[in-house]
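Guided by the hints, dock chain B onto chain A, whose structure is given.
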Amino acid sequence: GENVEQHPSTLSVQEGDSAVIKCTYSDSASNYFPWYKQELGKRPQLIIDIRSNVGEKKDQRIAVTLNKTAKHFSLHITETQPEDSAVYFCAATSGSARQLTFGSGTQLTVLP
Amino acid sequence: EPEVTQTPSHQVTQMGQEVILRCVPISNHLYFYWYRQILGQKVEFLVSFYNNEISEKSEIFDDQFSVERPDGSNFTLKIRSTKLEDSAMYFCASSEAPTNTGELFFGEGSRLTVL
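Chains A and B are the protein sequences, given in the same order. Last residue of the first sequence: 112 in our numbering, with the numbers rising by one and none dropped. Last residue of the second sequence: 115 in our numbering, with the numbers rising by one and none dropped.
Looking at chain A on its own, in the form it has when it is part of the complex (with noise of 0.2 Å):
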């Protein structure tokens, strides 16, 4: 099955700078790759995703990379503000499964 190994396990930002994370995936028919955040106690959501076709994906301040054949891939946020700390999953599945591989997530926090 599916193995999806997300780095690191935390991150720490100043306020206005950029952070990435890193995930990669094993399965080389997995197709949809997308990207929850978790803030503490919550559900899941859904924040950005990017699907196999695509080398990249933006949305305002968030953004996601694709390299299918290293298989990984990446979220990129910039101009990071203190809402954005929270634990950020990264996921993958592949065309036949009906079910997200989740990363062990990163826990952001972004410093005043």
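Read the hints as simulated data drawn from the structure, not as lab findings. Just so it is clear, CB atoms sit at the ideal spot from N, CA and C, and this is done for glycine as well. Among the hints, erroneous ones may be present.
Residues from chain A shown here face chain B by an in silico Cβ test under 7 Å; the list is partial [stated by the list, open to error]:
| id | residue |
| --- | --- |
| 1 | 31 |
| 2 | 44 |
| 3 | 98 |
| 4 | 104 |
With a straight-line cut-off of 30 Å between C-alpha atoms, the simulated DSSO-like cross-links for lysine-lysine are [what the hints assert, rightly or not]:
| id | chain 1 | residue 1 | chain 2 | residue 2 |
| --- | --- | --- | --- | --- |
| 5 | B | 42 | A | 42 |
| 6 | A | 22 | A | 42 |
| 7 | A | 42 | B | 83 |
| 8 | A | 68 | A | 37 |
| 9 | A | 22 | A | 37 |
| 10 | A | 22 | B | 42 |
| 11 | A | 71 | A | 22 |
| 12 | B | 57 | B | 42 |
| 13 | A | 58 | A | 71 |
| 14 | A | 71 | B | 78 |
| 15 | A | 68 | B | 42 |
| 16 | B | 42 | A | 37 |
| 17 | A | 68 | A | 57 |
| 18 | A | 58 | B | 42 |
| 19 | B | 57 | A | 22 |
| 20 | B | 42 | B | 78 |
| 21 | A | 58 | A | 42 |
| 22 | B | 83 | A | 57 |
| 23 | B | 83 | A | 58 |
| 24 | A | 71 | B | 57 |
| 25 | A | 71 | A | 37 |
| 26 | A | 71 | B | 42 |
Now the stretches of chain B that chain A is said to cover, found in silico as 3 or more residues with beta-carbon under 8 Å [what the hints assert, rightly or not]:
| id | segment |
| --- | --- |
| 27 | 47–60 |
| 28 | 65–71 |
| 29 | 93–100 |
Okay, now just chain B, sitting in the frame of chain A:
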């Protein structure tokens, strides 16, 4: 905005007891899921459900677990004989289309504490 709703928000039970967690998916969604998250750990897939049957399940979803769609709106997860290690947040989710083509919407979760 339509939401996935879950009840109860928190349930405390004794080891060996049966628990039923309830979910109301978004009304026009066809695919339903249960995930769980042990405190401080990642979200893990349990089961997916489509067209009134299980379409996929993980190794975690053993014989003590079952799912049901008893009517047109509810989707339930039953844990038959709870164990200490079942303590976790259980998230219900739904989507219009399969996971890789449709966004997954999560409920707020049901926290299960097994004593």
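Tested hints:
A hinted interface residue such as residue 31 of chain A counts as satisfied when its beta carbon comes closer than 7 Å to some beta carbon of chain B; here the least separation is about 6 Å, so the hint holds. Look at residue 44 of chain A: its Cβ gets to within about 5 Å of chain B, closer than 7 Å, so that hint holds up. Given hint, residue 98 of chain A at the interface with chain B, holds; its Cβ is 4 Å from that chain's nearest Cβ, closer than 7 Å. For residue 104 of chain A, the interface hint holds, since its Cβ comes within 7 Å of a Cβ in chain B; the closest pair sits about 5 Å apart.
Of the supplied pair hints, the one linking residue 42 of chain B and residue 42 of chain A holds, its CA atoms being roughly 13 Å apart against a limit of 30 Å. Proposed proximity of residue 22 of chain A and residue 42 of chain A is supported: the alpha carbons are some 23 Å apart, at most 30 Å. The suggested pairing of residue 42 of chain A with residue 83 of chain B holds, with an alpha-carbon distance near 24 Å, which does not exceed 30 Å. Taking the CA atoms of residue 68 of chain A and residue 37 of chain A, the gap is near 23 Å; set against the 30 Å cutoff, the hint holds.
A threshold of 30 Å between alpha carbons decides the hint, and for residue 22 of chain A with residue 37 of chain A the separation of about 14 Å falls inside it, so the pair holds. In summary, the hint linking residue 22 of chain A to residue 42 of chain B is supported, as the alpha carbons are separated by about 15 Å, within the 30 Å threshold. A threshold of 30 Å between alpha carbons decides the hint, and for residue 71 of chain A with residue 22 of chain A the separation of about 11 Å falls inside it, so the pair holds. Taken as a hint, the residue 57 of chain B and residue 42 of chain B pair is honoured in the structure, with Cα atoms around 17 Å apart against an allowance of 30 Å.
Pair hint residue 58 of chain A plus residue 71 of chain A holds up; C-alpha atoms about 19 Å apart against a cutoff of 30 Å. For the hint linking residue 71 of chain A to residue 78 of chain B, the alpha-carbon distance of about 37 Å lies beyond 30 Å, and the restraint is violated. Annotation: proposed proximity of residue 68 of chain A to residue 42 of chain B holds, straight-line Cα distance about 23 Å (limit 30 Å). Between residue 42 of chain B and residue 37 of chain A, the direct Cα distance comes to roughly 12 Å. Compliance with the 30 Å bound is thereby established for this hinted pair.
In summary, the hint linking residue 68 of chain A to residue 57 of chain A is supported, as the alpha carbons are separated by about 14 Å, within the 30 Å threshold. Restraint check: the Cα-Cα separation between residue 58 of chain A and residue 42 of chain B comes to about 25 Å, which is no more than 30 Å; the hinted pair holds. The suggested pairing of residue 57 of chain B with residue 22 of chain A holds, with an alpha-carbon distance near 27 Å, which does not exceed 30 Å. In summary, the hint linking residue 42 of chain B to residue 78 of chain B is supported, as the alpha carbons are separated by about 22 Å, within the 30 Å threshold.
With a C-alpha separation of about 25 Å, the suggested pair residue 58 of chain A and residue 42 of chain A falls inside the 30 Å cut-off, and the hint holds. Between residue 83 of chain B and residue 57 of chain A the CA atoms are separated by roughly 43 Å; this puts the pair beyond 30 Å, and the hint is violated. The suggested pairing of residue 83 of chain B with residue 58 of chain A is violated, with an alpha-carbon distance near 44 Å, which exceeds 30 Å. Distance hint between residue 71 of chain A and residue 57 of chain B is fulfilled; the C-alpha atoms sit about 25 Å from each other, no more than 30 Å.
A threshold of 30 Å between alpha carbons decides the hint, and for residue 71 of chain A with residue 37 of chain A the separation of about 22 Å falls inside it, so the pair holds. The hinted pair formed by residue 71 of chain A and residue 42 of chain B meets the criterion: a straight-line CA distance of about 20 Å does not exceed 30 Å. Look at the segment 47–60 of chain B against chain A: 5 of its residues bring a Cβ nearer than 8 Å to a Cβ of that chain, three or more, so the hint holds. Remark: the segment 65–71 of chain B is not confirmed as covered by chain A, as 0 of its residues place a Cβ nearer than 8 Å to a Cβ of that chain, below the required three.
Counting residues of the segment 93–100 of chain B whose beta carbon lies closer than 8 Å to any beta carbon of chain A gives 3, which meets the minimum of three for the stated coverage.
Going down the numbered hints, you'll see the structure goes against 14, 22, 23, 28, while the others check out.
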